[in-house]
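Chains as they are written, first to last, in the numbering used here: chain A, 1 to 70; chain B, 1 to 522.
Hints may contain errors.
[Unchecked claim] Mimicking DMTMM-like on lysine to aspartate or glutamate, the simulated pairs with C-alpha atoms at most 20 Å apart in a straight line are: (1) A/Lys35 x A/Glu49; (2) A/Lys4 x A/Glu32; (3) A/Lys44 x B/Glu442; (4) B/Lys293 x B/Glu274; (5) A/Lys4 x B/Glu219; (6) A/Lys35 x B/Glu442.
Just so you know, these hints were derived from the structure itself, not from any lab.
Values in this document were obtained by computation on a predicted structure and should not be read as measured data.
Single-letter residue listing:
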Amino acid sequence: MQIKSEIAGSVWKVIAQEGAELAAEDVIVILESMKMEIPITAPKAGVCEKLHVREGEMIGEGQLVATLKL
Amino acid sequence: MTWDKEIDEIQARRKLAKQQGGKAAVDKHHQKGRLTIRERIDTLLDKNSFDEIGEGAGVPEYDAGGKLTDFQPANFILGFGQIDGRKVIVGGEDFTVRGGSPNPAGLRKSVYTERLALKYKVPLIRLHEGGGGSVGGTGNDKARRPLGDPVFSESRFVPLAETLSSIPVATAALGPVAGLPAARLVASHFSVMTPNAAVLIAGPQVVKRATGHDMTKEELGGPQVHLASGAIDNLAEDEADAMRQISRFLSYVPDNAWSFPKAITPTDKIDRCEDALASIVPTSRRQPFQMRKIIEMVMDQDAQGSSFFEMSRNYGPSLITGLARLNGESVGVIGNDCMYYAGAMTATAAQKMRRFVDFCNSFHLPIISFVDEPGFMIGPDSEAAGTIRHGTAAISAVLQSRVPWACVQVLKAFGVAAQAHFGPDAYMLNWPSAASGALPVEGGVAVAFGREIAAAEDPAAKQKELEDMLAATQSPFPRAEGLSVHELIDPRETRPKLIQWLQLALNARTETPTPYLTGMRP
Numbered sequence: 001m002q003i004k005s006e007i008a009g010s011v012w013k014v015i016a017q018e019g020a021e022l023a024a025e026d027v028i029v030i031l032e033s034m035k036m037e038i039p040i041t042a043p044k045a046g047v048c049e050k051l052h053v054r055e056g057e058m059i060g061e062g063q064l065v066a067t068l069k070l
Numbered sequence: 001m002t003w004d005k006e007i008d009e010i011q012a013r014r015k016l017a018k019q020q021g022g023k024a025a026v027d028k029h030h031q032k033g034r035l036t037i038r039e040r041i042d043t044l045l046d047k048n049s050f051d052e053i054g055e056g057a058g059v060p061e062y063d064a065g066g067k068l069t070d071f072q073p074a075n076f077i078l079g080f081g082q083i084d085g086r087k088v089i090v091g092g093e094d095f096t097v098r099g100g101s102p103n104p105a106g107l108r109k110s111v112y113t114e115r116l117a118l119k120y121k122v123p124l125i126r127l128h129e130g131g132g133g134s135v136g137g138t139g140n141d142k143a144r145r146p147l148g149d150p151v152f153s154e155s156r157f158v159p160l161a162e163t164l165s166s167i168p169v170a171t172a173a174l175g176p177v178a179g180l181p182a183a184r185l186v187a188s189h190f191s192v193m194t195p196n197a198a199v200l201i202a203g204p205q206v207v208k209r210a211t212g213h214d215m216t217k218e219e220l221g222g223p224q225v226h227l228a229s230g231a232i233d234n235l236a237e238d239e240a241d242a243m244r245q246i247s248r249f250l251s252y253v254p255d256n257a258w259s260f261p262k263a264i265t266p267t268d269k270i271d272r273c274e275d276a277l278a279s280i281v282p283t284s285r286r287q288p289f290q291m292r293k294i295i296e297m298v299m300d301q302d303a304q305g306s307s308f309f310e311m312s313r314n315y316g317p318s319l320i321t322g323l324a325r326l327n328g329e330s331v332g333v334i335g336n337d338c339m340y341y342a343g344a345m346t347a348t349a350a351q352k353m354r355r356f357v358d359f360c361n362s363f364h365l366p367i368i369s370f371v372d373e374p375g376f377m378i379g380p381d382s383e384a385a386g387t388i389r390h391g392t393a394a395i396s397a398v399l400q401s402r403v404p405w406a407c408v409q410v411l412k413a414f415g416v417a418a419q420a421h422f423g424p425d426a427y428m429l430n431w432p433s434a435a436s437g438a439l440p441v442e443g444g445v446a447v448a449f450g451r452e453i454a455a456a457e458d459p460a461a462k463q464k465e466l467e468d469m470l471a472a473t474q475s476p477f478p479r480a481e482g483l484s485v486h487e488l489i490d491p492r493e494t495r496p497k498l499i500q501w502l503q504l505a506l507n508a509r510t511e512t513p514t515p516y517l518t519g520m521r522p
């Protein structure tokens, strides 16, 4: 399952690690957008297979953030 | 002599009409996981309440002796019925006949739908699946030159447009919907689509020839496109869910613009004060919060859950719009969602606001506004989208409102865009977290005091000092002291305060309800 960002912003913190098991609603990364910390969370439980962004990176709307294996 | 023969023929023809496109076409339709239009109507309406119009309309074939040999039913099914005991009119294309592309009788029934709805002033539901006209036209007599409508006939789009000011219109896309049916689909106050539906101006083959885009109909007009484009309001899990959403939408609105929405007997307590409201807004402005949870805690709840019914969630998502009950009364609800660009007003959020506010005014729904507006979205994309014009149109719609408004300022109200959250002569409540001004401190200080900050020994400390100083001026206490708001409240008091106000506001209405006609907007 592809987790995409619905907003543009910079990657403030990467919380999840590749290979980690995530529950639904677990935070994967936190973006900074419009001076606010916006979490991107796992919509369903799964394993964080791949992270596609690094801290400090600017990302756009619809950009792939992580791949989740359900 | 009796009329038995003719009566038998009526029965025979009714039977033929029910065959729709024939067994093979119906089976093929079911195999695609879709219901026929007659099954859809049965799912939507109260049992046995369908009262059909024009059941006998269709394309007949007669033998030389004038005996009926075949009958293709009109491929638009139309009639009255009831939802929860309330009269409605419902219509939809029959995809099993010519893929929903109109045959002559189907076209007549289809264009009659809106006139009937306007005449009897009952809510209208259209269940769409089908294409528009084909190059070959709608006639079945290939030998004759096609005839257009007479020059003196009224365009079918006149009643279509008039319905929006007069009666609630809810529509569904339940398969491919293209051309004229797609236009009819979006001429509605609420629209829903199923995961396997597609909404198209023109289908893949036409698009490929004209523009070179080689795309499937789902890629062109599937839910992922049209929930975000704003053409369609909500996604339904399946057809049954689409019917449930339409019924739910209709439960909040009156039969027509000449009547007020009906209240239901509330089961929730007036004085339900949720403790979580006191701490839901973080004291750090960098932390977001869930505006939907606030809305759900304040609005009525019953055994089924929250009375809040959200519409158009994926379009202009920095703004939340939906219908709810407050002590049993129907209200429109708006709120900012700070998870999207801090809740900033984008061009799409502004269009969503204008449309929703006009809808509430059309059907006499008081508006409850939960405010956390940082201002218009800024930057090159926002300028290119014409946000300022769409935003100013939204503000005009809000301030020309005729329905009662209550505004709960939860957090931010900054800039010009904040005006779109406060209707005329609104009941104004502020939470202790409320902050107002021309610009948010975080953005404004660095610009307004740029030179002063740069000249300081410790620029970061200077910026922080200035921000703290200005943040204090944005506090809600001076506004309460100056009666710039009606009340500064403990967030837990929001529900009882709003209910007391709503009862006063509804009792004070003296004008008879009439359609809402607006003037030119920016």
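Practice task
Would you check the hint for A/Lys4 and A/Glu32, treating anything up to 20 Å between C-alpha atoms as holding?
Solution key: 15 Å, holds
Problem - 20 Å limit on alpha-carbon distance, applied to hinted pair A/Lys35 and B/Glu442 - result: 7 Å, holds
Practice task
Could you grab the alpha-carbon distance between A/Lys44 and B/Glu442 and see if it respects the 20 Å cut-off?
Solution key: Given pair A/Lys44, B/Glu442 is violated - Cα atoms ~34 Å apart, limit 20 Å.
Handout entry: Restraint check for A/Lys4 with B/Glu219, where alpha carbons must lie at most 20 Å apart
Key = 18 Å, holds
Handout entry: 20 Å Cα cutoff - pair A/Lys35, A/Glu49
Key = 29 Å, violated
Problem - Given pair status - B/Glu274, B/Lys293, alpha carbons within 20 Å - result: Answer holds: B/Lys293 to B/Glu274 is near 11 Å, not above 20 Å.
Checked against the numbered hints given earlier, the structure breaks hints 1, 3 and satisfies all the rest.
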